[in-house]
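Q: The residues making up each chain are set out below.
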Amino acid sequence: MTETPLLRLAGVHTHIGRYHILHGVDLAVRRGRLTMLLGRNGAGKTTTLRTIMGLWRPSAGEIVFDGAPIGGMETPDIARLGIAYVPESMGIFAQLTVRENLLLATGPAGFDKARLDEVLALFPALKQKWADSAGALSGGQKQMLAISRAIIENRRLLVVDEPTKGLAPAVIQHLIDAFLRLKSTETTILLVEQNFHMARSVGDDVAVMDDGRIVHTGSMAALAGDEALQQHLLGLSLASHQ
Amino acid sequence: MTASPALRRFNERLPYVLVPLLLLVMLPAMSFSTWLTLTVAGLAMGMMLFLMAAGLTLIFGLMQVFTFAHGAFITLGAYLAVSVVGALAGWSGAESWWLNLAVLGIALAVALLATGAAGYVFERVIIRRVYGSHLRQILITVGGLIIAEQLIVAIWGANPLPLPKPASFRGSLILGGAAIEKYRLVAAALGLVVYGALHLLLNRTRVGLLVRAGVENREMVEALGYRIRRLFIGVFVAGTALAGVGGVMWALYQELVTRSIGSEMTILIFIILVIGGLGSIGGCFTAALLVGLVTNYVGFLAPKLALGSTILLMMLVLLWRPRGLFPVGAE
Amino acid sequence: MKRGGAGTLDRLLSGDRPGGWLLNLLLLLLLASLALAPFLFPGTRSVGVAARICIFIVLAASYDVMLGYTGIASFAHTMFFGMGAYGVAIALARLAPGWGAVLLGAAAGVALAIVVAVLIGLLSLRVRAVFFSMVTLAVASFALILATQLRDLTGGEDGLTFSVPAALSPAFRLAAEPVLGVRLDGRIVTYYLIFVVSLALFLLMLRIVNSPFGRVLQAIRENEFRAEALGYRTVLYRTLAGALSAAIAALAGGLMALLLRYNGPDVTLSFTVMIDILLMVVIGGMGTLYGPALGAVVLVMAEYYLQPVMAALAGSLAGVPLLPALFDPDRWLLWLGLLFVLVVYFFPAGIVGELRARARPVTSAPRRG
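Protein sequences, first through last, are from chains U, C and L.
Mapping to my numbering: the first sequence position 135 is 138, numbers consecutive.
Mapping to my numbering: the second sequence position 201 is 690, numbers consecutive.
Mapping to my numbering: the third sequence position 264 is 1015, numbers consecutive.
Worth double-checking, as some hints may not be accurate.
What the hints assert, rightly or not - Restraint ranges, calculated between C-beta atoms of paired labels, are given here:
hint	chain 1	residue 1	chain 2	residue 2	range
1	L	A970	C	G723	36 to 42 Å
2	L	R1109	U	D207	58 to 64 Å
3	L	R877	C	L681	32 to 38 Å
4	U	L84	C	A576	50 to 56 Å
What the hints contain is simulated information worked out from the structure, not anything from laboratory work.
Don't be surprised by glycine CBs; every beta carbon is placed ideally from N, CA and C.
Turn these sequences into a full structure, and let the hints guide you.
A: Written as structure tokens, this is what we have:
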């Protein structure tokens, strides 16, 4: 018997203005696993994430989080259910310090010392820049800050949009390590990525999107081992994309 | 085309030193006592403008509500001052610091509460339905402004009303060979206190943190679980309350209250917002001081240009920094 | 397929029929009233009101091109109105009061208006929308300051009084005997000059907004990013629209100067005029041109004829606290302001938009799939 997924989308449509972006998305994110959402540019991946977070309202379909329907709820209420969002643009507040950025992600009690130490151990660069304004950070550091903000408190689901975009390979590797460590804590993660190396390294399940629909679901391992399928779905082969 | 790092750093730091720079530049242009008089006058005017503009920069910057009705709350504050000071004429006329301060304090308190309440009603009735459409906001707040001004005239009459300063605030002190108006010192002091309080609120409290973050990226603040819209009404009410306070101070400064006292300020306030950048209290403060100082310096050096000088200043700043001196938030 | 007379009418209106029998009727009545105003409503005052309506129809419609069709909220429109008025006024005050002076003054006003409109249009390149609106307010204020300061040129606060060409002066007689009970003097000539020019300008604007150029403007209003993506240089189009709008406003200003034989900052540059235009366009219906026309009628009539009604109402309410003050005839703007707010809320399409919507045949709602 398969357990119920933590997050389930069924037949989700999203219209932005006059444009019909999502044409019936069916997606299941299993508990404790990292689900990759792949697809080429314009396939609708970011729109899917934004719809889950309530930033776009779905025009049809169901979104169910841990048994409770969340489609149509306001973004702050969705976030309060325990979903952390790391957008493509990272959402860093440049005028605030690193400390203030992280503080925003904590509750009224402020930082939990032990947790903070853990996070800073994962991303030591942030400790150095603690009192600096976040706008002065490098691209990679900003991404680390964005992810730290998502994990500084316990969340039930992490929704991350293209974290490796525009980053140097060394930084990407650092992120891969960070995600692997996160996975060991049984955090459920939904990750959108274009970088297939990253995807293959951290993904458990995979869903591929095209033209606003999910066109393939399965395990990452299966996809990684099937070059012909990769070629068909993503127009690339594992070897050519590092 | 990249400028050298040193030049770029200079360019970035320049807005912060503009006010001291202006003060220094003006020093050799006139006698010291004149410079002192004008500088205090300019700073005092700037502080009063800051009171009126501070709320609006947050309303524009955080709430993205482009209201053209702010002048109505200034006017309301001014007329309330007339009523309060008139009712307490005995205390106001007495040569007692305490009684005079009490009158001022009561006038400020009444204006704060009344314009805050009016702001609450305004937000619920008028602004509430036009979130998201900037054009409709502009249109409807212009309508609101018309209605508010007409209501004020209906209540207080169409004639200009005199508003004498409380006795101890009249006249000047002699400092450094210059005659410094006492009232200007009071106004400047109040402005500093309010600026200090706002600074503390924004930088030391969770609410302030939310406001500063929200000005940059509202969506992300919501995605972090904060119902930032609840904050909006508070910001709007605080903004209109400050406008009322500014109205009281300005009315006492002018000693004459007309129905357009608020609208006259609107242009200057907009110039301050454009120069300072939307959403930045520090920027608003600097810009307000600049406008106050420029108005007074130019008023002395080239009286004919005085009224237009601030507009020219705004154009110059826009050419240099299209988003203002201290832009906040992603574009 | 439309034939014959209807076809000519369509060409005249550039295919932009008002729509709906009530709207058609109202506009037809308006046209007829204005065309025959001196004969239907004889008397200097009524003819003056009719002329004012003609001028404001043009002024409001030109503002609609910016606000309703292109989506730009500028507060500098009265400045262009003033430029045209001052152009004609200064020319007639300085030079011999003949048609040459009128044309020269009008041309100068239009030229200045176009130059300033282009500069403002280029400004929109650098600054965001709300800054733009605020800056136009400041620029208009600057123009007002200039007009009051440059006494030698503009007559300052007092304005300029001047003589008009002979044909327009009250003493002029077109015909020795009165026609249909009305004496055909210079005022009538002035009126018909204003009427004909206003009508021509209105039809010109109809042509412009219904041309491919006009459709691009509307595309820009709807979604600027998309328009850019489709390859339209939006700044260019917006600047052109602004320049056209400004030029027509300036011409309206020239007509105003001829009507009043006087021009001052309060007549053409004050913010009350700007508010009036805004009210006309929004109440009448943005983006329709016919809307501002009806709005102009509503507002000018209210200004002149609402006040006695309010005075009577205030009289009957004497003794009640506050209410008489609300109905004081000087408070007519309060009620217009209220109407304005109600229109923006509940009838955002304005009078014309609502009438057009009702006139459209009802279509069935799409079936839920």
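Q: Taking the hints in turn, state whether each one holds.
A: Structure-based check of each hint:
1. L:A970 / C:G723: 36 to 42 Å: holds, 40 Å
2. L:R1109 / U:D207: 58 to 64 Å: holds, 59 Å
3. L:R877 / C:L681: 32 to 38 Å: Since the Cβ atoms of R877 of chain L and L681 of chain C sit about 34 Å apart, the hinted range of 32 to 38 Å holds.
4. U:L84 / C:A576: 50 to 56 Å: holds, 54 Å
Checked against the numbered hints listed earlier, the structure breaks none of them; every hint is satisfied.
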